[in-house]
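Undergrad: As a plain string of letters, each chain reads:
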Amino acid sequence: MRTDTLLEQLCKINAIAGFEASASNEIKEIFGRYCDKVWVDTFYNVIGYKKGSSKNGKKIMITAHYDQIGLIVTGYEKNGFLRVSNLGGVDTKALLAREVTVHGKKDVFGVIGAKPPHLLSGDEMKKNVKLTDLFIDTGLPDEELKETVAVGDPVSINSQFVRMVNGCAAGRNLDNRCGVAACVLALEKLKNIEHENDVYVIATVQEEAGLIGAISSSYNIEPDIAVVIDVCHGDMPEADKASTFTLGKGVPVGVGPAFNKNVTQQLLKLADQEGIPTQLCVEAGDPGTEAWAIQVSGMGIAVVEVCIPLRYMHTGAELVNLEDVDTAAALVSKFAAGRTVRLSKEDADDTDTD
Amino acid sequence: MIRTLIELTKIDGVSGDEEQVRKYIEERVEKYGLEHMTDTIGNLIVRAGENSGNLKVMLAAHMDEVGLIINHITDDGKLKFAAVGGFDTRILTGQHVRIGDSKIPGVIGYKSIHLQEKKERESAVKLKDLYIDIGAKDREDAEKYIKLGDFAAFSSEPVFFGKNRLKAKALDDRAGCAVLLELVKEKWPFELYACFTVQEEVGLRGATVAAKRVAPDIAVVIEGTTCADVPEVSGHEISTEIGKGPALTFIDRTAIADSILLRHFESTAKKESIPFQWKQTVSGGNDAGKIQVSGSGVRVIAVSVPCRYIHSPVSVLDIYDLENTKELVKKALLTLPLVFDGRQKND
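Top line first, the protein sequences correspond to chains A and B.
Note that the first sequence covers residues 1 to 354 in my numbering.
Note that the second sequence covers residues 1001 to 1347 in my numbering.
Derived from the structure by calculation, the hints contain no laboratory data.
Treat each hint with caution, since some may be false.
Said to hold, decoys possible - Restraint-style ranges between C-beta atoms, simulated for each label pair:
{"id": "1", "chain 1": "B", "residue 1": "A1083", "chain 2": "A", "residue 2": "P277", "range": "23 to 29 Å"}
{"id": "2", "chain 1": "A", "residue 1": "H118", "chain 2": "B", "residue 2": "S1296", "range": "57 to 63 Å"}
{"id": "3", "chain 1": "B", "residue 1": "E1117", "chain 2": "A", "residue 2": "Y49", "range": "43 to 49 Å"}
{"id": "4", "chain 1": "A", "residue 1": "E77", "chain 2": "B", "residue 2": "N1051", "range": "52 to 58 Å"}
{"id": "5", "chain 1": "A", "residue 1": "K130", "chain 2": "B", "residue 2": "E1143", "range": "37 to 43 Å"}
{"id": "6", "chain 1": "B", "residue 1": "T1335", "chain 2": "A", "residue 2": "G122", "range": "55 to 61 Å"}
{"id": "7", "chain 1": "A", "residue 1": "E77", "chain 2": "B", "residue 2": "L1148", "range": "21 to 27 Å"}
{"id": "8", "chain 1": "B", "residue 1": "Q1020", "chain 2": "A", "residue 2": "E194", "range": "55 to 61 Å"}
{"id": "9", "chain 1": "A", "residue 1": "E274", "chain 2": "B", "residue 2": "L1148", "range": "40 to 46 Å"}
{"id": "10", "chain 1": "A", "residue 1": "E147", "chain 2": "B", "residue 2": "E1120", "range": "55 to 61 Å"}
{"id": "11", "chain 1": "B", "residue 1": "N1071", "chain 2": "A", "residue 2": "K59", "range": "35 to 41 Å"}
{"id": "12", "chain 1": "B", "residue 1": "E1120", "chain 2": "A", "residue 2": "A150", "range": "33 to 39 Å"}
Stated by the list, open to error - Here are the simulated DMTMM-like pairs of lysine to aspartate or glutamate, each with C-alpha atoms no more than 20 Å apart in a straight line:
{"id": "13", "chain 1": "A", "residue 1": "K51", "chain 2": "A", "residue 2": "E143"}
{"id": "14", "chain 1": "B", "residue 1": "K1330", "chain 2": "B", "residue 2": "D1150"}
{"id": "15", "chain 1": "B", "residue 1": "K1119", "chain 2": "A", "residue 2": "D240"}
{"id": "16", "chain 1": "B", "residue 1": "K1080", "chain 2": "A", "residue 2": "E238"}
{"id": "17", "chain 1": "A", "residue 1": "K146", "chain 2": "A", "residue 2": "E196"}
{"id": "18", "chain 1": "B", "residue 1": "K1031", "chain 2": "B", "residue 2": "E1007"}
{"id": "19", "chain 1": "B", "residue 1": "K1137", "chain 2": "A", "residue 2": "E196"}
{"id": "20", "chain 1": "B", "residue 1": "K1128", "chain 2": "A", "residue 2": "D240"}
{"id": "21", "chain 1": "B", "residue 1": "K1118", "chain 2": "A", "residue 2": "D133"}
{"id": "22", "chain 1": "B", "residue 1": "K1010", "chain 2": "B", "residue 2": "D1150"}
{"id": "23", "chain 1": "B", "residue 1": "K1118", "chain 2": "A", "residue 2": "E124"}
{"id": "24", "chain 1": "B", "residue 1": "K1126", "chain 2": "A", "residue 2": "D123"}
{"id": "25", "chain 1": "A", "residue 1": "K106", "chain 2": "A", "residue 2": "E26"}
{"id": "26", "chain 1": "B", "residue 1": "K1023", "chain 2": "B", "residue 2": "D1150"}
{"id": "27", "chain 1": "A", "residue 1": "K130", "chain 2": "B", "residue 2": "E1232"}
{"id": "28", "chain 1": "B", "residue 1": "K1118", "chain 2": "A", "residue 2": "D240"}
{"id": "29", "chain 1": "B", "residue 1": "K1163", "chain 2": "A", "residue 2": "E143"}
Yeah, the Cβ is synthetic: ideal placement off N, Cα and C, and Gly gets one too.
All chains, full assembly: derive it from the sequences and hints.
TA: And the structure:
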């Protein structure tokens, strides 16, 4: 499947954190093409299962969250306006003069407005706009709006998906539909490989609201090893070099307390053998991804993390290099299919004599 | 008319780069069989009506829209830009744009919220700190697609929504262009020149020379104007209200409307039961400012379509306001000779 087509389809899906129900079927359908079994759990995590060929294989869980940041309706204003709060870490700098879809009884188009600039003081113009200063203009008569939209309804921020020069693409929801796309591409590769490990590929929910989907998934699956695929910050001119990664220059792999050192070393070695370039993504503590929750789930799970560099995170103009999605998928599929995955020295002895 | 407007808003025409808009309008007036010419600066002047009386009327709507111009390419391939025309630069972060004749897609970047320090999160981003990212690897790569002086326009598709609302970019002043394209089809009992002007947003440049060439007695400017009937704004500051009909301006920062014209338009609206409103703030300005002081002076009036979120990719108008703007101007013009015949030259 073409990466850009897949990613475009995935980015169009609306799955605001906590409101993934309606989107889960579409993800399930895509996963279903490549899996032995696919199901949706009570949280709307979508789980694709590919059985391994050996009972000595490991149980490997690959997660990528499919929820997106958005807004939630908190009230009405006269003449068809709505007030909103945020669902996840929305950047208000990227909200002025945007389009939204309010998911009420039916979808309602709206634009985000604020007090016009010519009525603001010089000081006000220098400040970033606050979410409480913004409103959504639905253009609907008040009665019709109240019938259609209720307080608590989610709002998605619209943006287009554009193909750019140099194999790049930009749009909304690339955090973390890039990860979901990598999962699908990895599944596609695994379909034609015999692998010993039992592989569970999970599109998780509510990452943006506190890693909720990852917590319930690890509890349900109890994997030996978890691979988290998520975006990391791409190189931006004004950003700190240590926190950002160059696009198209290799797969950032997480290192630091959140990640199992032994398994991470094997992942890096495998990448080296396969000629897949990597970069090291150093996280001193909480990496801000599902790895943090999965690591301490149950009796503890060995976690590794594979990243896709993305610029302008949490805006409608997130930008990635599509090649990075492909390389992440290649690395993850090789890793999941590999016989070399070991949890410890003893474990290594087991598999070597296998 | 609304279909024409939709098509017009899909075209990019940042001030100084109006060619594509002009081409579209030119094709339309060709079809109508009207005499037209394009002057040095790029104004398209269309002749309609008969040379029967001693009244010469100019209609003006500007083709240009606010946007950006590329003025530097950085070593890492990002495009620095300046704003063309006046707009709220706080809207820029994370917008999609189309650059140059090949419409290269780009996004306006600024470091992610996660990497912003508290102070950065609380303040608006300065224009000089923003840049356009087209995905280029470096300067050399970017130069394959972009040259300095290329214009960038907001990328925003027209959408009908709510009750009778249209969201699009460049409604100021493609709305006026759409009205003019309707009005030139009418039979006029006087000489009428429809001027589709350039560079209004950078200082009413096009109208300045168009008015000299046409040398009209009377000019009607058709504009998109500010509309602030939104939460957080009250009283006279709302300027105009959407859905309440065309707005008549008695004064703005560039012109004081001719009082005879103003009363004529007001009484026409009342007589014909066309809804209208007064623009209640002395803000903004338009081509009327330059036309008024052209030659030995021109009687001017501006009739405006209220546009919320004007000068942004998501400006909004009410389609009946557009329709009523056309109706009011048409009706008022048809009875114009009764008011002015034999008077305008020496009054």
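Undergrad: Hint by hint, work out which the structure violates, then give me just those numbers in ascending order.
TA: Of the numbered hints given earlier, those the structure breaks are 1, 2, 6, 7, 10, 11, 13, 14, 17, 19, listed in rising order.
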